Amino acid sequence: MNTICKWIILLAPVFCALTAGAQGAGKEKAKKEKTVEIHGEVYDSFTKARMYGKFCIMTADSTVITEDSLSGYKTNSFYIVDVPKRDDKYIIRIESDGYETSYTDYELKITGRKQQYIVPTILIKRKADDIFKDVELGGVVVTGTKVQVAYKGDTIVYDASAFNLPEGSMLDALVRQLPGAELKDNGDIYINGEKIDYLTLNGKDFFKGKNKIMLENLPYFTVKDIKVYHKSTEMSDMLGREVEEKEFVMDVRLKREYARGSIVNAEGGMGTEDRYMSRAFGLYYDDHTRISAFGNINNVNEDRKPGNDGDWTPSGRTQGLLATKYTGVHLQTEDKEKRVEETFDATVRWTDGDNVSGQQSETFAADGNINKWNQNVRRSKDFSFYTGNKIHFRKINLRTYMTMNYFSSNYNNERVDSTKRGATLVNSRHNLYRSENKYLSFTWGVFWYKPFNNGDSFFANFYGNYYRNQPTDRFDMEATKYDATGEEQLKNRYFDSRDNYYRYSFEMGYIYALPDKWDLEASVTFTQDRKTDNNLLYRLDRLDSEIYDHLGIIPVSEEDRLLAFDTENSVKNILLTRNYYLNLQLQKYTEKYNIRFTLPLSHISEKLDYMQSTLDTVATRNKMLFQPSILYKRFGNTPITLRYSLSVKQPDLKRMMPVVDTSDELSLYISNPDLKSTINHKGSGLITFKNLKTGGSTFAGFDIGVSQRFIGRRTTYNSTTGAYVYKDGNVDGNWNASVKGGTDMPVDKAKRLRFGIDGSVKYERSVDFAVSYDEANNVLSKVDNVYTRLNTKLTYRFKTLSAGIVGKLTVRHSTGNIDNFETIDVFDYQFGGNLQYTISVIKLNVSTDMNMFSRRGYASSTMNTDDLIWNAQISRSFMKGRIMAKLSAFDILHQLSNVRYTVNAQGRTERWYNSIPRYVMLSLAYSFKQKPNKK
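Using the working numbering, the first residue of the sequence shown is number 86, and each one after it goes up by one.
Some clues are possibly wrong.
EDC-like, lysine to aspartate or glutamate: derived pairs with alpha carbons at most 16 Å apart [stated by the list, open to error]:
id, residue 1, residue 2
1, K293, E267
2, K237, D182
3, K505, E422
4, K847, D788
5, K878, E267
6, K210, D167
7, K523, E563
8, K767, D746
9, K423, D788
10, K767, D813
11, K331, D372
12, K316, E301
13, K739, D584
14, K734, D788
15, K133, E319
16, K269, E279
17, K133, D372
18, K602, D173
19, K480, E422
20, K812, D910
21, K421, E126
22, K576, E592
Treat the hints as calculated values from the structure; they're not laboratory data.
These numbers come from a predicted model, not from an experiment.
Taking the hints into account, I'd like the entire structure generated from these sequences.
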């Protein structure tokens, strides 16, 4: 608690100073008049569709107070304006192309502490001679240099038409070209170093949390622009005020001709090495309903495309071979009056994996490092189904949601490993595994709130979750040889695991509106969890029958079950957890900045019924946790984010029971009932400088993390058998700090040439127990890691030509305090280029990239390589762009490999995986678009 107080004392003056600075000039200036917020919505009078236009707020004598463009969110169009906090009369003027100008009178009457006032919805009519009028350009070609990126306050806007992409490209190809953007292989997107929380389509959720569905299926030609901004959460949107931190979203906006209509896009291809792919995507859109469906079947296990910025790194290669079938539907609809909105998602996925991997590791030990090697072959088949439905009743301020998840998996695995001390073989082992697993989960929740005339709000929230994981059947046949004694062991084991879990919680809260746009929120929450675990182990090798010499046989008779039952390593337990949670949150939110102090206090009560042959007991634990956080955000052209949080992680109560797990003779685990909670401090900052004239940007940031009482692991190595004995324990001294920065800017006046550079330096102090020989000790291993990363990119775009050169460098430097620790210096570097060009005479699109990936400093000489990766693609459209033919070649020089490398306080590990061989694929794509009907 003393440490917590120190952090708060140190940081509080900083945040208070920032707040004071953001609130304006000194006390000598005249006190500004207090203001309140008026908010109103604007729609088409007939369709109730979202409007695009301008609004103007005037006094009763027509004096203009402010005028600006209408804002938009989902299908809503609205305005928000601050006006003096006094009774007054206003005139609201609305203008939009093709519509009659609207004038509305509004009388403001101040009520108590209320800060937000709702203006009745304004409906505007189309002009009689302009109803769905078609505008034809008659073949006129408009030329000029388009601006790729522009800044509008806190919002970044990317113009999709300013980027040159091959026909048939999907959204992911566009995102990869955005200045300041980084797209990870898993679909995560970073803009100027800040991670995007999720993607939206025309302001609405679209398979929320599954970015890759939109990235890989939405055709690029449908996109008008991409907006990146901080968006209000659903709870803030319902309450009509900012009560939670805004989410950082990327909103993909469709061209106006696709705002109402339908799109169908499909592609299929066959390639060498038995590669194949097919996909289809359909989207229907009107003013109040959106329906989409997608399907994907492939065994290429790859979503990167030729012609990109050299992201074909060997370490980023997808692991193994994978065949996938993936399909889903999305529905979002609302009634014409926007009283009820419903969102439905469903996805089904089948995968068939074939993975081969190898690993070489070195464990640091004062008496001599320990080397291990293994090779693993795994074949797996998985199936998953997800469905979710969310309904928002706006009139009664109620939102409800439901989800269901089902997952089943089975795999067969073969593993060979060995342990050496120096050049001496200690043991070797051969395992065969088989496993089957089924999982089912349900979630349901409801949220309701009630606003009051004085500006306060009351809310209530209920959440329930249930899952069942049964049965999980795992079979393991193992042959172990100890070279020192010549002894051989054969084990045949059957693991029967089943667990059930439920959770429910109820929350009530009150938001008290304070003067000057401050809010005080107080909430109480009660949560109860109950989890039942049954982990039973059967030693089939104890049975005399030859039938049990094979893998995957379950004992049938009760007698065989009793003989094979391993009582020492079979455990049943029931864990009941109750959490009483009190949260106080003080925040101020304005157009210029947001500051938030969160002070949560929770009392966690746990009761564990633990049943095992050597221990049958009931354990209890009661803990009071205080986990505060502070946030400061400044908006505008130079946004700043500063945050600090403290979190407490308790050790698993089940792992603290005084028992010894002897199910694996080479890996024995001894519980530690004296483990203490780990306290984590995290701090971060980010500032971005935007150049409004050039569209360039520069960012800089830092991250700091400190772990107190980190749970490390004492490891004792048996030098004769090669067995390990593990026991967890708390250690101090783990921390990390990093700085990052980057810039992206046009070089020439025409903005055809653009330069980008970003990098980071991270220091990490990793402390854990040193591995000891034969007898346990408390010697600590301390490893200092320094990670340096640098990326550079120079791009040129003109008409149908797009070219770029890239360079990337990653350096890892590691030192340790163990006597025989050798300093590690590992270098990964890359250089190369990419080209995209359309030969207009023959309408042929050409895309290619070539990069050299080099590695140095690895322990295994086979990993110190130079891999020249070359990919290429040519494509041509037919039938006015409806048909697209593509010929793609991947890893033409057959150089790509797949390697991972990690270092921590206990050792270093190098891993390799099998990957898809080089191949060539011919595919055909079909696109269909239907424009809205004239009315």
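- Query: Out of the numbered hints, which ones does the structure contradict?
  - Reply: Numbers 1, 2, 3, 6, 7, 8, 9, 10, 11, 12, 14, 15, 18, 20 and 22 - these are the hints that the structure violates, sorted from lowest upward.
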